[in-house]
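Protein sequence lines, in the order shown, are assigned to chains X and C. Using our numbering, the first residue of the first sequence is number 1, and each one after it goes up by one. Using our numbering, the first residue of the second sequence is number 1, and each one after it goes up by one.
Hints are computed from structural coordinates only; laboratory data are not their basis. Even for Gly, the Cβ is constructed at its ideal location relative to N, Cα and C. Please note that the accuracy of each hint is not assured.
Label pairs and their computed distance ranges (CB to CB) [stated by the list, open to error]:
hint: 1; chain 1: X; residue 1: 48; chain 2: C; residue 2: 71; range: 44 to 50 Å
hint: 2; chain 1: X; residue 1: 49; chain 2: C; residue 2: 227; range: 32 to 38 Å
hint: 3; chain 1: C; residue 1: 349; chain 2: X; residue 2: 41; range: 32 to 38 Å
The following residues of chain C were derived to be distant from chain X, with all beta-carbon distances above 12 Å [as the list claims (entries may be wrong)]:
hint: 4; residue: 104
hint: 5; residue: 132
hint: 6; residue: 133
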Amino acid sequence: MRIKQHPVLTSIVKKEVEFTFEGKTYKGYEGEPIAAALHVNGVRVLRHDHRPRGFFCAIGNCSSCLMEVDGEPNVRVCVEELREGMVIKMQEGKGKLKGGEA
Amino acid sequence: MLHTEIAIIGGGPAGMCAAIAAAGQGARVTLFDRGKKLGGQLVKQTHRFFGSEKEYAGIRGIDIAKILCDEVEKNKLIDVKTDTTILAIYNDGVITYEEGKNYKRITSEKTIIATGASEKMLLFENNDLPGVYGAGAVQTLMNEHGIVPGNKVLMIGAGNIGLIVSYQLMQAGVKVEAIIDASPNIGGYLVHASKVKRLGVPILTSHTIKRALGKESVEGAVICELDEKWQPVSGTEKELDVDVICLAVGLSPQSELLRHTGCEVKYVPGLGGYVPMRDGNLQTTVNGIYVAGDTAEVEEASSAMVEGTIAGLSAAESLGYGKNISELKKSFISDLDSLRSGAVGEKIRSGIQKLGC
Chain X
1 MRIKQHPVLT SIVKKEVEFT FEGKTYKGYE GEPIAAALHV NGVRVLRHDH RPRGFFCAIG
61 NCSSCLMEVD GEPNVRVCVE ELREGMVIKM QEGKGKLKGG EA
Chain C
1 MLHTEIAIIG GGPAGMCAAI AAAGQGARVT LFDRGKKLGG QLVKQTHRFF GSEKEYAGIR
61 GIDIAKILCD EVEKNKLIDV KTDTTILAIY NDGVITYEEG KNYKRITSEK TIIATGASEK
121 MLLFENNDLP GVYGAGAVQT LMNEHGIVPG NKVLMIGAGN IGLIVSYQLM QAGVKVEAII
181 DASPNIGGYL VHASKVKRLG VPILTSHTIK RALGKESVEG AVICELDEKW QPVSGTEKEL
241 DVDVICLAVG LSPQSELLRH TGCEVKYVPG LGGYVPMRDG NLQTTVNGIY VAGDTAEVEE
301 ASSAMVEGTI AGLSAAESLG YGKNISELKK SFISDLDSLR SGAVGEKIRS GIQKLGC
């Protein structure tokens, strides 16, 4: 859920973009971290590494949030900015390089 | 290969203040940050700072970030490299980095390392489930990106970060079910604790988390009481209906790059773990390598800013810049002492003493 009213923060108008996650289309704001856009759409599980994993630090330190973005595995989606048309996939294990073998 | 007089690694409060101080004396500075913009963790601090006017007391962290960024950007002696990750610092003084997608190298006369700290994990069953977030992550999501982390939160840690982030969660309309802490005492300032208590959030001391509940993500938490020996008391287990478990259990200095330099480190728990030995100028045991901020010891952003200034002035002075720098430095060193005075600064004071410098 996005914060609509806040005593300190003021919101600025952002551009809405579309992206896909696991083949389904979602909307988010351009430039926000991919993990934030997914979270607001109710997606908390970002990858499976025998166990479900989400983000933990949100600033690019811990590598808990690795996903496949536009065919590239191991992208830290807590710091990678969302762009129009991005194809985002849940990562299994170490991921597949450009659609190849894991 | 590029060359700079002072390379500063990390564009948070310490690094920005170091850059401003050094360039203010006439030194040429290159300031590196891996993020898209400067500010470090100040950009998510919506609360007003303590300390004195010189450390921007009464101003919110997010506004301090803007003030410092503006000052850095208008200074022609400071070359800012954002979206740039330092990869290594070699013995011959070569620093390698990735700027955007390009691999590059630079040498420097002096280097100030201000890489900050990272959040600590806590051991409990299911601590890897999505929905277990660091307190800093919750702040980033909420205060930087305007998104709430969930509906009902269990906060672990009643230090200042746990208390402040709990209050910020409530400002964003999120329910904080409880704040728990293994210690029998509340670690944070009374003023912060009173604020959340007044809003009806129970602060349960001598309590810990046993496990997170849920299959794919957090659906609850089991907490229990601890006895005076910090052992779980049987029969006190309680289930909480939460979808977020927020960990505010401390920070560790991010010292990977520091270790590349070969400087001596010492284990001082009160300062956050392995921290570098340093002199009064904040120079490490390696000539020309300085430290400032949470990398030097985990503390407040206010002291990080003062340390940055001291390190920046010292590095500029060692290159022959400026006049009366030692007088200026003395005044900042006394500011740092006053930030660390009283009962709240005791841990840092004794830690620095143990460091033997």
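Hint check results:
1. X:48 to C:71: 44 to 50 Å: Distance hint for residue 48 of chain X, residue 71 of chain C holds at roughly 46 Å.
2. X:49 to C:227: 32 to 38 Å: The hint (32 to 38 Å, Cβ to Cβ) holds, given that residue 49 of chain X and residue 227 of chain C are roughly 36 Å apart.
3. C:349 to X:41: 32 to 38 Å: At 48 Å between Cβs, range violated.
4. 104: At about 20 Å from chain X, residue 104 of chain C clears the 12 Å cut-off, so the statement holds.
5. 132: The assertion about residue 132 of chain C is violated, with a minimum of 7 Å to chain X.
6. 133: violated (6 Å)
In summary, the structure is inconsistent with hints 3, 5, 6 from the numbered list given earlier, while agreeing with the others.
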